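Colleague: Here's the letter readout for the chains.
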Amino acid sequence: MTEISDRSNGDQARETLSGNRRSFLGTLLALGSFFVGTLLAVPLIRFALFPLLRRTTELEASPVGPLSEFSSLTEPVAKIIQIEQVDGWRKAVSDKTVYVTKDKSGRLSVLSSICPHLGCTVPWVATKSEFICPCHGAVYTSDGSRISGPSLRGMDTLDTTVQDGQLLVRFQYFRQLSSDKEIIG
Amino acid sequence: MAAADKNRNALPEVPTTGFRGWLNRRMGLDALLSSALDEPIPGGARLAYIFGSGLLFIFLSQIITGVFLALYYVPSADHAHTTVAYITKSVTAGSFLRSLHGYGASAMVVVLLLHLSQTYLYGAYKGRRELLWFSGCVLFAFVLGMAFTGYLLPWDQKAYFATAVGTNAASEVPLVGESLKRMMRGGTDMGTLTISRFYVAHVFLIPACIFALLASHIFLFRKAGAAGPVSENPFTPKQKTEPFYPRQVLMDLSLTALLIIGLGSLCFFVPMSLGPAANPADSQYIPRPEWYYLPIFQWLKYWHGAASVIGVLIIPTVLALAIITIPFLDRGIERRPWKRPVAMGAYAFVLIAVAGLGLQSAYLDKHDPEVAQQLAKQKAEEEEYMRKPFEPELSAASMAAANVALSDPLAAKGKEIFEQRSCNACHGDGGVGTVAAPALIGIGAKLSADQLAHLLKQPNAKMAAGGMPAVDDLPTDDLKALVAYVASLK
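First to last, the protein sequences are chains Y and L.
Quick note: the first sequence uses my numbering, first residue 116, plus one each step.
Quick note: the second sequence uses my numbering, first residue 1410, plus one each step.
For the record, the hints were derived by calculation from the structure and aren't laboratory data.
Keep in mind that a hint or two might mislead.
In silico DSS-like links for lysine-lysine, alpha-carbon gap of 27 Å or less [stated by the list, open to error]:
1) Lys1498/L x Lys206/Y
2) Lys194/Y x Lys1889/L
3) Lys206/Y x Lys194/Y
Quick caveat: nothing in here was measured; it's all calculated off a predicted structure.
Next comes chain L alone, as it looks inside the complex:
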């Protein structure tokens, strides 16, 4: 009720004159703003409630940095690694922005776990908040999906092998496992189609789902209202309310500031590294996932053969269902943690199990001399790669030209003539075409060698009009070579 009073108090503040008044009459911005800022919080603002908007901030940062990274990134097995190396080593602020995006993913998982823990510990899922909790759980899964799909995109050694393991794990699922794996990879093996699939999921599909779910998450939150402190009744809040603005806004902004400073200095002083390009033939490489996937990685190690159904499918499904249905399972009005021993026990158990699995994985790696040695070698290779300057990729046209020189001596001679006579000045190197003249690639499939030779000696009217000179002074052998080269362009 206090909030309603406040809204009424706020009304005279809405400007009715000038530019803001005009905007307001057209758009009703001030009403929108005040309904956003005057959201009543039972029991007043608290630092415990800051994680949701922290997540929103990181998500926004991920969108912006992601869009900018797409300025240079190319999702294909041929170019992905080169373009990420270009971003990391050449482009101004590239290393910083890539780090912001990569570390941002980790920060997202951390803040997400804090947000989830706060909601759970405060019993804030109680009191007609089943859908709110459910949408949060699905958002959690999508964020992990973003981390999984994004990890492959740099296509360096660790990305390739971690994803190979990750997609392999899917094949452990009974009946549909193999199809699931092939679906994710776009084939039996990892390759350029895998990048395309992961890229589409990472950039279009999952973000679209997150947008939609985020909107419903916030809508459901406003519909149910803030839950307030643990002493509050989840159905009918009785405590004195305080509007979201200004104190809660300031608290939320302090987390944002902390994130900016923390992530900013991390990215500036310890930028993310990039390993050497993926080499699928490397049989020595020991893949390790990002830290937040270590517990799952370790867990999967324990399940093999027939029993894997239990570990890979049944237990995770039961756990996921249990988490999603918490608001249905725990219907009590009690929110104080010390009065909810079962809920707290379950939380502690899952937390200890997950942390234990992660630590176990790190411990095993450290104490197996062979593994530790190989991991150290991989780290050294990565550092070595980072020290090298950026090496541009040889363009397809130069490579095609080089291949011709290797395979067919006649065409190789033709290539020499093509360049000596500056055919490439207009038709481009390797016949790729320029604004001055069309591409010659694939012309061998349309015209026979005789037709090509004839056109070279006597260009047709359209060619002559475009500035094509007649090549009528070449010895017959040279003309043959030139025709052989032009016909070989692919």
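Chain Y extracted, bound-state conformation:
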């Protein structure tokens, strides 16, 4: 700041100003402007990066039904859930079919009805007590484990939670034609 005040006393001081001091002030101004500019760029960058730092395609857990409904489950039961997908400033609501069933240890689990082979909807065939995919014949047990057919893995289980006696499920899509369960959306 002393550089600046030195200069306020008229033309003569400026006339005798050496090139060095003039360029020193210039450097000071350039640094100052750079610093302020960087500071001002912070909100701009945060604004632009918002969708990357926060998942815009968010999926809330959807209610499947009251727990009591599934207490005496003997075979998988199909339920239609509503899922809400948020895409930036808009959302899409769609219906998805899931199966509520029991896993090997007898706990409730929820299976996606999408075949992990090529994505057809797998129906529960009560007469055979198996899930049989109509498209390419993949067969699964009542807990979704793979028995036979072209699929590389069993049916996909979905994350569930219980809230106020309600069974909630988080619907997700998984990569097909793969032996690993990989979330794609």
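Fit chain L to the supplied structure of chain Y, relying on the hints for placement.
Modeller: Only chain L this time, still in chain Y's reference frame:
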């Protein structure tokens, strides 16, 4: 002459070696920089001259914030309000940047009035500066045009109704008024086409005009030279000059710093609010324009019927022409305000009239109990809206799907099957299509129901190759429902 000496003195400073030397030989940057910074100011640097570069700074800030806002904004009556609400309520720093852009517009008008006043009071339009003054006047009009077009874009209640009034005012112009209004609105009523028009004007047309005029304004300024203090001769400056750099630069930068601090804290502590979405059916809403349009708004209230030609067209035209032609009307060499009673009287008159009209409008609103009550209600509704969290808009596909469910029971059943069988896994919800399979929207117009049913049962080679399974296990009724749904997708 002093400036020329200085330039000669500055020459040895130009680097000839290293990277800067190379750049300089290729681009001549240093010569450009020194011609910009060594601009001679007769009588030396003064705080009175800082407003022009202040305007330039705000304009730059408006461009940058505007470009960033366009990352999320969608100019359509369906989405404009949702996207602005998203910016304001959800996006990080969104409220701050939107405020910077909105308050920036007000700051621009304030600094513009200061710049204009300084030029006028200092008689800096004298001495071969007619075109410089003229380009400034047109720039002023364009800045007001930016404010007018930008105000509509959030499409909230106040934006909608203020613009409805603003465009209505245009229809008061005799003969062409109605066409002018329809031209601005893109039809008889305000709607999504109005947003498109205002958006194009706000983002492409007016900015392009401002760029061009700004360049000529600065060029004409450098051509004529700085006018200097009021004691200076406007034609042939005689006073000792001082280069623009460093003292004037520092003074200009101090205004910039003040603007950054002022606007920054305003936007941070009192961010701009957004009202509820425009509801054209609301007959109670009392529109009020932004403060800088209040005087015009109040003025238009006084003119009705046959007399409106005088108030809406003749007086404003005469006033605008008078302002534009000031350098021709006032040819004298005298620049000291106390020796220019007519010029100063006219300035005081216009200033008092404009301020008086604005104050009158505010006073009337405050003292009419009905209006005051309604305005308070509108303010409360706006605050209420701001408190609510952001609500995403239901996508068109979900809405189309929901509509089908309401209208046609067969198609509704088909939609259920479409989702149960995960047709949507590849064809997308509502048949909008995904990377895995094409969209089905509009397929009903190309293929008959029988053709669709046949293709579902026996996909053709291209479909099968894409992974489409045959739907041959559905009962006939279910297949009919599915076909009805697919054919209904629009």
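Colleague: It remains to establish, for every hint, whether it holds in the given structure.
Modeller: Status of the hints after comparison with the structure:
| no. | hint | in the structure |
| --- | --- | --- |
| 1 | Lys1498/L x Lys206/Y | holds, 16 Å |
| 2 | Lys194/Y x Lys1889/L | holds, 23 Å |
| 3 | Lys206/Y x Lys194/Y | holds, 22 Å |
Taken one by one, the earlier hints all hold for this structure without exception.
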